[in-house]
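**Q** Take a look at the letters that make up each chain.
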Amino acid sequence: MTISLLYALVGVVLLGIGLYSLIIYSHLVKKILALNVAGSGVFLFLVATANQTSGPVPDPVPHAMVLTGIVVAVSATALALALACRIHQVTGTARLTENEPE
Amino acid sequence: MAISGVENPVTAVLLNFRGYDTLLEIGVLLLAALGVFSAVPSPVILSKSTPSPILILLLRLLLPFIVLAGGYILWIGKYAPGGAFQAGAILAAGGILLSTAAVPFNRFATKTMSIAMGIGLLTFIVVALATMMVRGNFLQYPVAQAGTLILVIEAAATISIAIILTILFIGGNPEESPTAKDEGDKAFIIERDNTTK
Amino acid sequence: MTFDNWLPLLILLTSLLPGIVIFVLPEERVRWRTTLNMGGAILKLGLIGIMIWGVRHEHVYDFRMPILPNIELVLNADAMSVMMTALSGVLWFLTTLYAIAYLETSPQSRSRFFGFFSLCVSSTVGIALAGNLITFIMFYEMLTLTTYPLVVFRGTPESMRAGRIYIAYTFGGGAAFLIGVAWLKALVGSVAFTEGGMLAPYVGAYATQLRFIFFLMISGLGVKAALVPLHGWLPKAMVAPAPVSALLHAVAVVKAGAFGIVRVVYDVYGIEFSGELGLLQPLTAAAAFTIIYGSVRALFQDELKKRLAFSTVSQVSYIALGVGILGPIATIGGIVHLVNQGLMKITLFFCAGNFAETLGVHHISHMNGIGRRMPWTMAAFTLGSLGMIGVPPMAGFISKWYLGTGGLTAGKPWVIAILVASSLLNAAYFLPIIYRAWFREPAGSWSARPSIGALETHWMLLFPPLITALLALLAGLLADAPFSPLEWARLITAREYRP
Amino acid sequence: MTLPAWIVSLPLLAAVFTFVFPRIRIWAGIFTAIITPLMVVFLGREILAHGAIQMQVGGWQTPLGIQLYADGLSVAMLGITAIVIGCITFYARCYFTGDVSSRYFWPLWMFLWSALNALFLSGDIFNLYVTLELLGLSAVALVALSQTADALSAAMRYLLVSLTGSLSYLMGVALLYAANGTLSIKLLATTGAASPSIATAFALMAAGLIMKSALFPMHFWLPPAHANAPAPVSAVLSALVVKASFYILMRLWLVIFEPFINPSTAQLMGVLGAGAIIWGSVQALVAERLKLLVAYSTVAQIGYLFLIFPLSSITQSNHTAWQGGFYFVLSHACAKSAVFLAAGSVIYSFGHDRIKELHGIVRRMPVSMFAFALASVSLIGLPPSGGFIAKWLYLNAALTGGHWWWCVLIIIGSLLATAYVFRFFSRAFSYSPEVVEERPVPWIMEWTALGLALCALILGFIAPAVTTLLDAGNPF
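For the protein sequence lines, the chains are A, B, C and D, in the order given.
The first sequence begins at 1 in our numbering and counts up by one.
The second sequence begins at 103 in our numbering and counts up by one.
The third sequence begins at 300 in our numbering and counts up by one.
The fourth sequence begins at 799 in our numbering and counts up by one.
For reference, chain A alone in the conformation it holds in the complex:
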């Protein structure tokens, strides 16, 4: 078992945990956290794929992808948190009601 395989497996496990939590928790902050955990899993997996090149230098492309992915994740998380705050301000709860009045 190489270290990169371990990274990849941990990445998959994190993704699973994240998605599971995303579904079972209803509090918005928890959902957002869950998404971040899942995202970290994907990033970890991506980093693990960098170890494929034969030379001593790892493949830089996955690193660049992860960096880009992290920035995107930060942006999305910020927007999500801002929305969550606003929802809390307007509705008094930080949960999404199941059946919205339509």
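Nothing false has been slipped in among the hints.
SDA-like mimics (lysine to any residue), calculated; alpha carbons at most 20 Å apart, straight line: (1) C/K605 <-> C/P456; (2) B/K180 <-> A/V57; (3) D/K984 <-> D/Q854; (4) C/K605 <-> C/H662; (5) B/K180 <-> A/P60; (6) B/K213 <-> D/S899; (7) D/K1154 <-> C/T455; (8) A/K30 <-> D/W1019; (9) B/K180 <-> D/L862; (10) D/K1154 <-> C/R460; (11) A/K30 <-> B/F271; (12) C/K535 <-> D/R1225; (13) C/K605 <-> C/I591; (14) B/K180 <-> A/H63; (15) B/K213 <-> D/R901; (16) B/K180 <-> A/P58; (17) C/K605 <-> C/A726; (18) D/K1154 <-> C/P456; (19) C/K711 <-> C/L578; (20) B/K213 <-> D/F819; (21) B/K180 <-> A/D59; (22) D/K1154 <-> C/E457; (23) D/K1154 <-> D/Q1081; (24) D/K984 <-> D/N1272; (25) D/K1154 <-> C/R463.
Source of the hints: derived by calculation from the structure; they are not laboratory data.
The hints should help you fit chains B, C and D onto chain A, whose structure is shown.
**A** Quick look at chains B, C and D alone, frame taken from chain A:
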């Protein structure tokens, strides 16, 4: 790596080989800030209370180092891990310290803030289009100037990233904050941190 | 592209463009609207005149525009389409005249009415000129859509209900028809109308599928042609204003269905081939049943428009009957009835509208002595009814005569029985009205006679039924003259049965 | 060929300018709305003449660099985007007048446009991920713009779904990169070999994209988001944004996955599509608000898009099915945006869109209702309209292969669509003498809706030209 104009392979991929991704990504960052502005009318974090003197003192001590570290990280990105995002994040830490210390932004700052937010993306696009006009392909740097152009883009991006990350932390447009208007004068100018680089 | 290529499109545009412009016109621009309407109608009549002459002399009018890879929008004029076009052109002109007067005091938007009215006539003309099934479908569905706002024009709960029923029936039919056409296209690759039919070569491989497709298409068309049991929408749609009922029930909608049946049987399947496949017996049976059923139902209606509507149900099936009886003579009877029934039925509806508009009479039981108050209208009504019954020398007699002899020649004497029964029933539901109107004492609140020197109603309401009644009379009297409907039906039949 | 880069950059520049210089935001927006379509037209001419265009960003060849790729399909998508966004821009200019949200609408709007353009031009799976995120975040921010509790919740739900979908997609990208060492779609097409990781990658990417394109049963987020957003936003969400993820799925399927994936997957997609058609239409039938009705109609229409999978797996009608599917995309984009704009005008004028209270609205706003009706013709799939052409191509594809059950489904869908459209019209046409308070609607708002509806109608007449464009560069 020589053809890319930088020696750090990750920076080469980010700013040159796959620079287009990074361009869009800076767009995502600006977009998130806009999203926060439009979703949240007034900042979530900024409070009206007067800043504690200890925090002010800490800031006075820390800020120069933060700026220095940011500049260094930005510059070192050419050779080793580092670059605009890392530098921007460090500077943003300074911005976050400022806002947690309840230091309001002054009027000048809020006026130029939007320019600072946009400057990174703007520089990137302008450089990309200019290189396209010169060499025929979007973001195709002239080999000799590649390093310089990348540094210019990164510097501009650092400013934007720092501001935007700070704003994302505050969670709203400081322009709309009640403190921005009446207490503007005694505050630090957040831009000064970045422009000193 | 020459003038001959553009002519079919021009005929279509003479009503389409005014229709579109009318939508945009402000409500109070009455004169503009009238000018556009009448100008378009007159122009259309002129162009149709050119076309009639041309088709007689074997000119080819053919407009093509590709709308899909290997499918074209085709507008062309064969003998059959010219007849239908001429009918709708003439009746549109008269109905527009009528409608202008009829709607003078309407609280609803007249722009909307005349806009959709023009679109509706354009669709009818498009149906008539369609050169393949795709083009036909296009205008067929457009007709459904443009008549809906007319049916619900008054916006009362009753008319909204009628509109819903209308939509349910016609779109259901349209869907069946569409599947049939798509299936046919997938099976044989062609959907063009060809004089004499085009499916005969495929009989070996696809006989069963072709039968099924025929069933789908005819049941789709049967909705508009009001074949029992698909007729339910027609009496309900009577809530529409009189000009709409007149045009809808005399020309546009029901004729579109009947015309479609004629097209499918003659120009897609081919009449002889349809006979071989055994498709005609069920059609004839359905038509015969509809004829009787419609007449019987008409007997029990007191509301004049309802009675006329059931009469339409019955009369339109004469066309399908003529189609279903294999043989040129019956074909002539069926096709000529397209025109004859149109002329007579529109007369009756105009008159019914006049009674309602001038005197507020909607029910037959209130029509006692109405002939004395409105003699001209009642005269037209009488002519129309006599024609429907089939009294010589009215147009209806011609149709029935050819249908009857056609049935005999084809070895189907029971057709005579149907015709006799139907005529008796026609007489039973029309003659009492005529009797009441002329011979009973007036019971209504209106003054017994029109004031001296004045017309009994607005001239634009009066002249259209008089003209159509006259035309119906002439179509019977001068049946043998050149360019008469009968003579034209013979021309069509000759071309359909051309070896 | 530099046009693709300009087509992405111009709206992006406009996004920065409209934000940094709010005073010129409207003019910058309108300038972009005029210039971008022109550039798309030029790109289209280029592609019709010379076939597909590739552009190596930065001059680096794949696999090192990112490739921009434009063929007939991309241009068709760019074109419809330009038409729809171009028209809605004018609508929005009136809709948001004097509104605080207008300040942020313009930059967000330009970001959205740029994201769509970048997405349709991308030839790189990771770049597609970035464009997807750009698109998703701008869409979410636009939904939240109206600031009501419903809109905020809808935006939040949309954001969570969108992020989950993107993550799933990114995981697929990672797997593909691990297996093949490249991100370029072109290279993946040639290097791919059937393997469990390809299948997993497809499953992840398809799941993510299906979530984002709101295919039944993952549609739950769509109706609230589309019904509660401001009208111009609803229009573009339904018309373009959901199609964008569908487009990516199609591209990947066509170029990379089709040979490797079990054919029963295609049937499964078809079944989900059928579910969407039935469920969406039934929900539209009982919807009490006009915009909700329209949103559920989108759910149903997305079902039609996914019928492309089973239909294109019929060998002899493969090409017809592809054309039919993308004709659906194009005509639905025009028709649905027109319908949403018309519904938006109703709300603008009456302050609500409760169908029960919209008596006689045909008399009050005839132009909008005419637009609504005309667009409905295309939604139902009646001739002459783009929707009819699409439906006809589908019917043809299904019947040629003898798969008549899809035909039955398509026809049932049409009849249901007729039912929900006319349920509204039987209110709209009914007569009520009562006077309702109303706010005059600017003519531009009414006529842009009509313009889009006319586009849907015109699509019914220009099918040969459009299919030629779609085929340019052999995307199928």
